[in-house]
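**Student:** Listed here are the chains, written in short residue letters.
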Amino acid sequence: MPNVRIPTPLRQYVGGNAEVAVQGGTAGDALGDLVQQHPDLKQHLYTGDGKLRSFVNVYKGDEDIRYLDGQDTEVGENDELSIIPSIAGGLCR
Amino acid sequence: MALKIGAGDVSHIHEHAKETYPEECAGVLVGMDAGGTKVIVDVWRAENTFEEEERSHRFLIEPLKIREFEEKARERDLDILGFYHSHPDHPAEPSEYDRDHAWPYYSYIIASVSSENVEDMRSWVLRDDRSGYDEETIVG
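Protein sequence lines correspond, in order, to chains A and B.
The first sequence lines up with residues 80 to 172 when you count with our numbering.
The second sequence lines up with residues 138 to 277 when you count with our numbering.
Be aware that one or more of the hints could be misleading.
Said to hold, decoys possible - Computed footprint of chain A on chain B, listed as stretches where at least three residues anywhere in the stretch have a Cβ under 8 angstroms from a Cβ of chain A:
#1 172-182
#2 194-201
#3 216-222
#4 239-249
Said to hold, decoys possible - 27 angstroms max Cα-Cα, derived BS3-like pairs, lysine-lysine:
#5 B/141 <-> B/155
#6 B/155 <-> A/139
#7 B/202 <-> A/121
#8 B/202 <-> A/130
#9 B/155 <-> B/202
#10 B/202 <-> B/141
#11 B/209 <-> B/141
#12 B/141 <-> A/139
#13 A/121 <-> A/139
#14 B/155 <-> B/209
Quick caveat, the hints were computed from the structure, so don't treat them as lab data.
Backbone N, C-alpha and C define an ideal beta-carbon position, used for all residues, glycine too.
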């Protein structure tokens, strides 16, 4: 089964683990399975209308899936996906 | 939770905020989670890579940079515990934009900076339900 690496701020929602084994042949299915296993993650990964939040980045190896096939990016049994934060903020103006 | 940060690291953040004024600065808080208190051991500057014309009110640290910082911290058996950024000519309080982009657990230090000085510095943690922030006590 592919693994998903969980960044420090989200480990509290997956029992403190740094990696979670998931099922699915695409990045979208793998993330869907992750959220199904750990529903508290959902609001931090997805917006209310089900899109991956802009500051949530999913990498397959060293490549951002946005530059591969997005949610349709194929993942094999031995692949590792990593959720990597980007950090953004600033004033409202 | 409280955030423990030494005077040297505080002045590092102040200097960074003053240097980049009127643009926002950003950086990483590195240390140990001592069960109830986050102990900051080091602060590292990060480049604000938001589009140049927007940097007076936006900051961005990109994911591969975050991964580099994580690896650098891990080499010293430390973790990224949060981030700092400045609000030029605005209060040290998180904006709606900050909340939309925040991660749980991390401490977000905000320094309110004017052309003269750092006027205020406060630390915030996103609530689990993303409804707002709780302020953290900063201890020296």
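**Student:** Hints first: check each against the structure and report whether it holds.
**Tutor:** Hint check results:
1. 172-182: violated (count 0)
2. 194-201: holds (count 8)
3. 216-222: holds (count 4)
4. 239-249: holds (count 6)
5. B/141 <-> B/155: Distance ~22 angstroms between residue 141 of chain B and residue 155 of chain B Cα, so the pair holds.
6. B/155 <-> A/139: violated (39 angstroms)
7. B/202 <-> A/121: holds (25 angstroms)
8. B/202 <-> A/130: Within the cut-off at roughly 24 angstroms; holds.
9. B/155 <-> B/202: holds (23 angstroms)
10. B/202 <-> B/141: Holds, at roughly 25 angstroms.
11. B/209 <-> B/141: holds (21 angstroms)
12. B/141 <-> A/139: Judged against 27 angstroms, a Cα distance of about 36 angstroms means the pair is violated.
13. A/121 <-> A/139: holds (20 angstroms)
14. B/155 <-> B/209: Holds: residue 155 of chain B and residue 209 of chain B sit about 26 angstroms apart, inside 27 angstroms.
When held up to the earlier numbered hints, the structure conflicts with 1, 6 and 12 and fits the remainder.
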